[in-house]
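Visitor: Start from chain V and add chain Z with the ligand according to the hints.
Protein chains in written order, with our numbering: chain V, 1 to 409; chain Z, 410 to 490.
Just so you know, these hints were derived from the structure itself, not from any lab.
Predicted model, so just to flag it, every value in this text is computed and none were measured.
Don't take every hint at face value.
To be verified - Over the 12 Å line for every Cβ pair with chain Z, so calculated as not near, a few chain V residues:
no. : residue
1   : Arg125
2   : Asp140
3   : Glu304
4   : His353
5   : Glu387
As the list claims (entries may be wrong) - Selected chain Z positions facing chain V (in silico; Cβ < 10 Å):
no. : residue
6   : Met435
7   : Cys436
8   : Glu442
9   : Pro458
10  : Pro462
11  : His464
12  : Gly473
Claimed, not checked - Now the in silico label distances, taken between C-beta atoms and shown as ranges:
no. : chain 1 : residue 1 : chain 2 : residue 2 : range
13  : Z       : Asp448    : V       : Thr343    : 19 to 27 Å
14  : Z       : Ala459    : V       : Pro385    : 47 to 55 Å
15  : Z       : Asp447    : V       : Pro385    : 43 to 51 Å
16  : V       : Asp140    : Z       : Glu449    : 21 to 29 Å
17  : Z       : Glu449    : V       : Pro94     : 27 to 35 Å
18  : V       : Gln386    : Z       : Asp447    : 44 to 52 Å
19  : Z       : Gly478    : V       : Ile400    : 37 to 45 Å
20  : Z       : Asp448    : V       : Asp407    : 44 to 52 Å
21  : Z       : Asp447    : V       : Ala17     : 42 to 50 Å
22  : Z       : Ser424    : V       : Gln204    : 41 to 49 Å
Note that CB positions come from ideal geometry on N, CA and C, so glycine has one too.
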Amino acid sequence: MSYDPTAAGDTTVDEPATLPTDRRTGCPFDPPAELTTLSDKPLRRMRYGDGHMGWLVTGHAAGRAILADPRFSSRYELLHLPEPIAGVSGEMPPAPVGDMLGLDAPEHTRYRRLLTGKFTVRRMRQLTERVAQFTTECLDAMEQAGPTADLVEAFAQPVPALMICELLGVPYADRERFQSDVATLFDQTAGLEAKGAAYTALLQFLGELVLAKRAEPTDDLLSDLTASDLTDEELAGVGGMLLAAGLDTTANMLGLGTFALLSNPGQLAALRADPGLAEQTVEELLRYLSVADPLLRSALEDVEVAGRLIRAGETVTVSVQATNRDPHKFPGPDRLDIHRKATGHLAFGHGAHQCLGQQLARVEMTVAFPALFARFPTLRLAVPPQEVPLRDRSNIYGVISLPVTWDKE
Amino acid sequence: MNGPMDSPEEPLRLSVDRDRCAGAGMCALTAPEVFDQDDEEGLVVLRHPAPAPEHRAAARMAVGLCPAGAIALNSPDSTDA
Ligand code: SF4
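Bound conformation, chain Z alone:
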């Protein structure tokens, strides 16, 4: 299991659920390279499902901060390589 605070070296894959998103913007604030909000509804937009190493720590933090549990973090499995 990956916790939000795991090492930034480890690759990660993200997915978002816009139906759950509350539009509070914690993700866009915490990891602007990875997440955005669309202009109409203010809901999360995933810019990079597999963020570059330098953005991974922030992305993991955003997962932990999202108030709505709208961002999922999947450890990359073998089928993913």
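Looking at chain V on its own, in the form it has when it is part of the complex:
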């Protein structure tokens, strides 16, 4: 389908024509420079990978309104991709069974309802002790093996991985079977074929696990869900989605967040002086780093947002990192400031799809960051900051590794 500008209500074609993705020139924590200079234009035309003429949203209020509005669909098959990926020419295939991220109500609601009770604020807070235990174990191992460590491998990856595995009932020892598959799913440079293979492998692994849980239920989320009306296939899909979402997101927040704090010594000193600031620091890091980005929706009917008419069928790309740097919402947005109230950021999304695991992520980070900095008072980068390798071609931004060192007592 080609876009006919004369047929659309809004014929203004403004710059930029495509989604800015290049962060390389600036600070590693900042969104691509072109994105944040758009704050006076919350919504603008954007050309997609397949030539589709849709929208780019960088304003906080507009992004929030769109994500909360059921007239914007999350169904994958209605979306156009900002950039082409190998093997997808136009629209995307529909969501695989169990992947509720690509569904709308009422299908989405059916899955979501089965899960929300498992991720309440209270339940997640009850896991604090367990998170603290995993954190201590990882820090012990890191201390013994160092100094010098790759913080990603020693800490940022294993803490959330241990926790989500335990919660779901996935043996942590099996992680070689799923960790690289999950990374491939988020890798923007991987083609559709590679992604498909990774997803199939992930599903096969979970499918085997689901059968095992049905035969012999244990005390975990997957076992609990065998009592629901979900089929084996749906259960494997839901499990795969939770595992993928729980692994990479928090891991990258911990890795990139540590990098950000080490690069802002004044902020780190303030956090060290008052661990009571931990929750606020986590909120501010979520806003400042916005690792999961962007979010796509497709208009099901004509909708007016911020004075522009979005036509039915048009895809909207909400740049979470840009909305969270909107100066109208967060004054001095490019400053990491752990004393600010960053509440209201869109790092977990907004609307019916707002991150289900966000309270778990909060608990993990609130425990892990202070524990890390308490254990290693002299923690610092072991390489110049410009040499830290970044995941700049993934849907989950972060550091590939973070070489750190410290003084031995």
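Guide: Leaving out everything else, chain Z with the ligand in the frame of chain V:
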């Protein structure tokens, strides 16, 4: 019209729509004195429809943060007194 950031002095009445609730827990996190989530479905439970003055600011903030628009804030009218 009351915005979520209005003064905490002003009385307010809240209502929730559990059918719209996405169970994300922002309300229980932001105003634990006013909102809770039930253990089975994780959906919002309104503990205090007319929260005490010291909890009003947090309650208003929770209204603004709810991702699903599941909490309604009604300014108390004359029939309400
Ligand atoms: S914040 Fe809204 S969606 Fe989330 S639990 Fe409370 S009422 Fe439900």
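Visitor: Name the hints, by number, that the structure is in violation of.
Guide: 1, 4, 8, 9, 10, 11, 16
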